[in-house]
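**Student:** Residue-level listing of the chains:
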Amino acid sequence: MKGFFKDFKTEPMNTLARWQDTREPWLLFAITSVLLVLIAHYVFQDWMHMLPCEQCVYIRYGNLVMALGAFIVAIKPQWIWGKIAGVGIFLYGLIYTMLCSWKLIKIHDAVHSDDPMAMFGLQGCSTDAKYHFGLPLDKWAPDWFKPTGDCGYDAPVVAPGVELSDLQRWFIELYQSTDGWYLIPQWKFMDMAECCMLACVCYAILLIALLWAWVRRDFLTK
Amino acid sequence: MFKKFLVTAAALTCSAMAFAAPVEGTDYIVLDKPIPNAQGTFIKVYSYDCPFCYRYDKGVVPVIKQKLDKELKFLDYHLHTKGKYGNEGDEVLATLWVEDEAAGRDPVAEGSMHKNAKFALYKAYHDQKERWDAGADAFIKTALDAAGMSRADFDAKKQDPKVQALVKAWKDSTYDVAKIQGVPAFVVNGKYLLKTAAIRSIDSMVDNVRELSKK
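Sequence order for the protein chains is F and L. Going left to right, the first sequence walks through residues 1 to 222 as our numbering numbers them. Going left to right, the second sequence walks through residues 1001 to 1215 as our numbering numbers them.
FYI, nobody ran anything at the bench for these hints, they're computed from the structure. For clarity, every value in this text was computed on a predicted model and none was experimentally measured. For every residue, glycine included, the Cβ atom is placed at its ideal position computed from N, Cα and C. Keep in mind that the hints are not guaranteed to be accurate.
[Unchecked claim] Interface residues of chain L toward chain F, partial, derived using beta-carbon atoms under 10 Å:
# : residue
1 : F1074
2 : A1146
3 : A1178
4 : V1183
5 : R1200
I would like the entire structure built from these sequences, with the hints used as guidance.
**Tutor:** Set out below in structure tokens:
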């Protein structure tokens, strides 16, 4: 990894082209997307009692699709068809996640706005999740894929009789006081959907850089 | 010159009218299973546990009602499948609806028992983040207190066949409508479901509802 940064400074494109031939970047994509879903479920949903909304569960699905695509590339990164198929699946997951995040950003703004007209052109949460390809994910794993929250609202809701640890209580009260989760709660800066979008933008930038370096080396400069 | 002006004006009017006509699939969907006995109505399927319903009820529906009050009857259909106290919501709101109608009040108008209770539930849930952890009785109390009805009165009146029939009518149709695109869901004449995401302004909503009500 140390060598990578040194090489990257002197010849960035070739270094990226070499790097995308290894499993590293693809496993990085795959593991971080799975990690995001795990954090969403275990930390935000289970530990902080924030209920996932319809768009939130779609974002989980999108993240897992991205992970699947990245894992396919990681099987053998030099294999061109594996790369094309894997990147295709990854891109589908990424674009879908971005669309859902964008929708959620707008819904979040609308429900927190004082202007009743802010919600025109939008739709609230559906009572039933509809996954692509008719996948019954919410039936297979309701804990993970069944929406239970309201779109745009992610302040923790603790069921009665639940014992909270001091740390848990501190976080929960913090996010309740700001009426939802923010990266920097004091400033209400970057809500959950905006952070999802930011993660997607990071993925997209890295993916474009890797693909461009690969195409340039193997197809353009030959 | 004048003739030319007339032709242009006519063309403009036509295009404006063509533009205003609601398009099936874009602006509305025809329900496979229409809501029965709903000719001449504007039905709002909603839940107390739905932020967009609260916002529509606060800022949009009253304005629409004002503009279309003479043409359509405005009805609320509460959805029992959303929210922890969906079924209790049905019972208490239906009881108050029937009570309002019996007293000659419009249940969706300002000052009615039904509207007072509905807004008390909305405000408690969305503004004060009340979740009625104490149970269903606490939920019902919020509604009844706002409406000014005693619990004993409610327990007796909810048995009224009229109330039971209304609850049944809600339960029979709300879920089938709500599962299409969520709530709030607006249905004209029991058949035409507005696509909420296609609503761009109050005026266009009024125009579309008016056109659909004539179908």
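**Student:** Determine for every hint whether it applies to the structure shown.
**Tutor:** Hints, one by one, checked against the model:
no.	hint	in the structure
1	F1074	17 Å, violated
2	A1146	22 Å, violated
3	A1178	5 Å, holds
4	V1183	7 Å, holds
5	R1200	5 Å, holds
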